[in-house]
Amino acid sequence: MTVAELSGAGTASRALAERFAGRAFLACAIVATATAIAVVGVLGFETVLFFTEVSPARFFSEVAWTPFSEDPRFGVLPLLAATAQITVGAAVFAVLPGVMTAVYLQHYADARSARVVGTATSLLAGVPTVVYGYVALNFVTPALSNLWPEIEAFNGLSACLVVGLMILPTVVVLSRDALESVPASLMEAGLALGATRDRVVVRVLIPAASRGIVGSVVLAMARAAGETMIVTLAAGNQARLTWNPLEGLRTLTAFIAQSSLGDAPSGTLNYRAFFAVGAVLFVVTYVMYAVGRRLLSRRSRDGAR
Amino acid sequence: MTVLSYSGMGRFFHAAWVGLVLCLAGCRDEPGDAGTLVVVDGSSSLYALSEAVAELFHGAFPQYRVVVRVSGSGGGLRRFCVGEVDIAAASRTMTSAEAARCRATGRDYLAIPVARDGIAIVTHPGNAAVSCLSLAELRQLWRPGSEVSTWRDLRPALPAEKIRLFGPGTDSGTHDYFTTVVMGRPGASRADHYQTEDDHLIARGVAGNRWALGYVGSAGYAANRDRLRVLAIDTGFGCVRPTPTALGDGSYSPLTRDLYIYVGRVSIRHDHVYNFAVQYVATSEVLAEEIGYAPLPAAAYARSRVLLAGARQAASTPRADAERSGSRRAAGDGAERSGSR
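Protein chains in written order, with the numbering used here: chain U, 78 to 382; chain S, 63 to 403.
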């Protein structure tokens with residue numbers, strides 16, 4: 078056997094292997110795309126069927142959501158408001174600590190503390206949401222009841238706090254990326270003009286990265302809007318229009334999670350209501366993701382401007 | 063190298079195939095077939111009792127396995143009638159529609175009453191302002207579209223604190239029963255409260271707020287006795303708490319009901335199902351009160367034992383099959399009658 082023969086055989090089998098690998102990757106890509114199309118298709122199909130029985134006007138204007146009661150009402154506003162409350166509430170708790178952590182990591186921390194803080198942040202991202210849910214239910218709510226004795230066992234505030242904790246790593250990592258992409262020349266120019274380091278960070282670098290920071294917050298809020306387990310466990314299931322964070326509420330996701338366990342035979346109106354609610358959730362999170370991505374992708378150009 | 067990767071692939075498929083076959087054989091809990099597995103499904107109100115029976119049964123017959131599921135009374139009976147489970151636990155008797163469906167699939171059954179249960183109205187232990195509610199007040203509080211929001215709305219002497227409400231979900235037999243008795247119509251209820259099929263979540267919710275109120279089956283209350291306070295109910299003859307005595311002698315009526323197990327006549331031929339049903343009757347008689355129910359009169363248990371023994375004998379005689387298929391309708395009716403007492 079000569080060297081030439083060996084390498085020839087090697088080339089042939091490698092070509093075969095590469096062709097095989099190429100097909101395999103294509104197959105994976107097709108599966109992913111087809112799944113996405115099928116999901117949107119089924120969601121859209123069932124939602125359209127739902128709206129043939131419940132008019133969109135009623136769906137978006139009524140303020141009661143009681144699909145399983147003897148007098149079923151399909152007003153999605155209480156669910157939508159609850160999702161908004163959780164999303165905005167979580168952002169309120171996550172934005173300041175998240176952005177400040179990012180600024181600290183990028184501009185103040187030495188290598189060792191940056192590593193420690195970075196590890197701690199990614200640990201937060203690794204906590205399963207069911208654990209967060211029980212933390213909210215068994216730890217946060219009892220602690221809050223010391224401050225507000227009238228708080229309900231299932232309430233929006235504990236869910237907001239813990240969802241805020243859950244989205245914190247997203248804010249930190251993406252905001253840090255945004256800060257990182259601000260050109261070093263801005264910092265140097267600021268310092269050269271005689272400004273202190275703090276002043277440059279607050280007046281120059283953060284404004285320069287603001288677009289990316291806002292993008293990171295919007296993306297984190299999209300995660301909060303889609304969060305299911307924490308709100309299912311901790312926030313309750315009363316679909317009512319309330320802005321009181323001490324009361325129980327029911328988000329879009331929690332409705333799907335809690336009610337699809339029970340008896341909603343396929344083909345019934347209640348079954349289709351899951352899809353209609355799912356479609357609303359899909360639109361809300363998709364728009365937020367799109368906005369967030371857009372803000373993030375433009376940030377380098379704006380930073381350079 | 064290619065060969066190696068293919069044999070690796072082959073091994074993977076082999077493992078997947080073996081796993082699939084094993085799963086097909088063991089993942090489903092097919093009643094009767096395995097000969098050792100008893101599947102009980104149905105009402106959450108009977109869950110505590112079924113679990114106690116399963117534990118004792120496992121001690122007496124370690125060779126058999128028991129699975130207890132909670133699909134609600136309706137769900138359990140539905141699965142029972144298509145032969146998916148051996149025993150259905152129900153907090154009510156079968157409706158005529160359910161019985162017809164059962165007969166249509168050729169499934170004869172015995173309905174055996176096992177215990178009496180009450181619906182406990184519970185509050186936070188720290189709420190000393192109220193200790194008794196009338197049926198009329200319950201109706202005012204829970205009716206569809208109820209305007210009652212604070213305790214003062216219910217009774218002017220009570221504090222103007224918001225009532226946080228917790229109750230069973232619409233899948234639950236307890237919800238059906240409560241609404242039937244209190245509102246006069248099954249399913250008639252306000253819908254702006256916390257609803258769940260899980261008794262422990264109701265207990266947690268009520269225990270978590272000083273001005274909360276909820277209702278659960280009496281076993282659900284008994285399991286959470288240390289963190290809840292049970293209210294007395296005035297049905298027109300004074301305030302009565304759902305104690306085992308009050309449940310037994312009917313003074314807590316109408317918020318009491320009998321609980322049943324449904325056993326398939328065909329399943330009784332199998333030793334494990336028959337022995338489990340016998341164990342269920344024996345355990346209920348002894349332990350019902352301890353777990354939070356009220357026992358039935360001794361005569362009811364004696365009759366159930368006779369009924370089971372008779373069905374067992376009928377099922378194990380050779381001509382049983384022919385006879386049963388001939389008199390299917392009559393047997394079904396008889397079982398229903400014996401159940402409704």
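There's no promise every hint is true.
Under 7 Å between C-beta atoms, here's a sample of chain U residues computed to sit facing chain S [said to hold, decoys possible]:
1) Glu-229
2) Arg-317
3) Thr-319
4) Trp-320
5) Pro-322
Quick partial rundown of chain U residues pointing at chain S, CB under 7 Å, derived from the structure [claimed, not checked]:
6) Ser-138
7) Glu-139
8) Pro-149
9) Gly-152
10) Asn-321
Chain S residues, not near chain U, derived (Cβ > 10 Å throughout) [as the list claims (entries may be wrong)]:
11) Gln-125
12) Gly-168
13) Arg-365
Hints in this document: simulated from the structure, not taken from any laboratory.
Remember, predicted model here, so these are calculated numbers, not experimental data.
Where is the CB? At the ideal position from N, CA and C, for every residue including glycine.
Cross-check of the supplied hints:
1. Glu-229: 5 Å, holds
2. Arg-317: 5 Å, holds
3. Thr-319: At about 10 Å, which exceeds the 7 Å cut-off, the nearest Cβ of chain S leaves the hint on Thr-319 (chain U) violated.
4. Trp-320: Not OK, violated: Trp-320 (chain U) not within 7 Å of chain S, min 15 Å.
5. Pro-322: 14 Å, violated
6. Ser-138: Status violated, d = 18 Å.
7. Glu-139: 13 Å, violated
8. Pro-149: 9 Å, violated
9. Gly-152: With Cβ-Cβ at 12 Å, over 7 Å, it is violated.
10. Asn-321: 10 Å, violated
11. Gln-125: Holds, because the least Cβ-Cβ distance between Gln-125 (chain S) and chain U comes to about 34 Å, which exceeds 10 Å.
12. Gly-168: 23 Å, holds
13. Arg-365: 33 Å, holds
Hints 3, 4, 5, 6, 7, 8, 9 and 10 from the list above are not met by this structure, while the remaining hints are.
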